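Build out the structure end to end from the sequences listed, making use of the hints.
Number of protein chains: 2
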Amino acid sequence: MNIKEKFGLKVKSLREEKGISIEHLANISNVDRNYISDIEKGKRNVSIEIMEKIIIALDFDLTTFFNDKIFKK
Amino acid sequence: MNIKEKFGLKVKSLREEKGISIEHLANISNVDRNYISDIEKGKRNVSIEIMEKIIIALDFDLTTFFNDKIFKK
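First to last, the protein sequences are chains H and Y. Just so you know, the numbering used here puts 55 at position 55 of the first sequence, and the rest follows in order with no gaps. Just so you know, the numbering used here puts 56 at position 56 of the second sequence, and the rest follows in order with no gaps.
Treat the hints with care, as some may be off.
To be verified - Here are the computed lysine to any residue pairs in the SDA-like style, where the Cα-Cα straight-line distance is at most 25 Å:
hint	chain 1	residue 1	chain 2	residue 2
1	Y	Lys73	H	Asp59
2	Y	Lys43	H	Arg44
3	H	Lys73	H	Asn30
4	Y	Lys72	H	Leu58
5	Y	Lys4	H	Thr64
6	H	Lys10	H	Lys43
7	Y	Lys73	Y	Asn34
8	H	Lys73	H	Glu5
To be verified - Covered, in the sense of this in silico footprint (three residues per stretch, anywhere, with C-beta under 8 Å from a C-beta of chain H), are these stretches of chain Y:
hint	segment
9	18 to 25
10	41 to 53
11	65 to 72
Since the hints were made in silico from the structure, they are not lab data. Because the structure is a prediction, the values reported are computed rather than measured. We put the CB at the ideal spot given by N, CA and C, even for glycine.
Quick look at the structure:
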């Protein structure tokens, strides 16, 4: 799995845990819903600014978001 | 401080801790040295792929890199 896929998988998993739709996440993060959909599929080489917007919208910070075995060596 | 500046500061701080030059980091990460210089100044909205390349070149993983109070809420 590459880093784009890992990031997408984590976003999707946290979004589903929170029980919110892609559309809702799009609204609260101010990121286009098609873009979020592509991110979750691992298709987007997301920038650090977009990354932060999404992570904050999910009520996380970067430290907690990346504290997951999929991001470890 | 915005996220681009926080990321740049952390890269610079780890690079200096390791005692390596921007040029050396550029070589081992395969990222252009001017680009790394701009990143350290907080001027670049770096992509997740470039981010990962630099973090790996610094001998870190994303979990450890982002485990810093500057990335916490």
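Check whether three or more residues of the segment 18 to 25 of chain Y sit with their beta carbon closer than 8 Å to a beta carbon of chain H.
That given contact is violated, which follows from only 0 residues of the segment 18 to 25 of chain Y lying within Cβ reach (below 8 Å) of chain H.
Three residues or more, CB to CB closer than 8 Å: is that satisfied between the segment 41 to 53 of chain Y and chain H?
Our answer is that it holds, as 7 residues pass the Cβ test (under 8 Å) against chain H, meeting three.
Taking only the CA atoms, is the gap from lysine 72(Y) to leucine 58(H) under or equal to 25 Å?
holds (14 Å)
Given the hint that lysine 73(H) pairs with asparagine 30(H), does the C-alpha gap stay at or below 25 Å?
violated (32 Å)
Would you say the segment 65 to 72 of chain Y counts as covered by chain H, given the rule of at least 3 residues with C-beta under 8 Å?
holds (count 6)
Going straight from one Cα to the other, do lysine 10(H) and lysine 43(H) come out at no more than 25 Å?
Cα-Cα ~14 Å, so holds.
Holds or violated: lysine 43(Y) and arginine 44(H), Cα atoms, limit 25 Å.
holds (21 Å)
For the pair we were handed, lysine 73(Y) and aspartate 59(H), check the Cα-Cα distance against 25 Å.
holds (10 Å)
Take the C-alpha atoms of lysine 73(Y) and asparagine 34(Y), compute the straight-line distance between them, and say whether it is at most 25 Å.
violated (31 Å)
Does glutamate 5(H) lie within 25 Å of lysine 73(H) when you go C-alpha to C-alpha?
Cα-Cα ~16 Å, so holds.
Pairwise hint evaluation, threonine 64(H) against lysine 4(Y), where the allowed Cα distance is 25 Å at most
holds (18 Å)
The structure does not agree with the numbered hints 3, 7, 9 stated previously, though it agrees with the rest.
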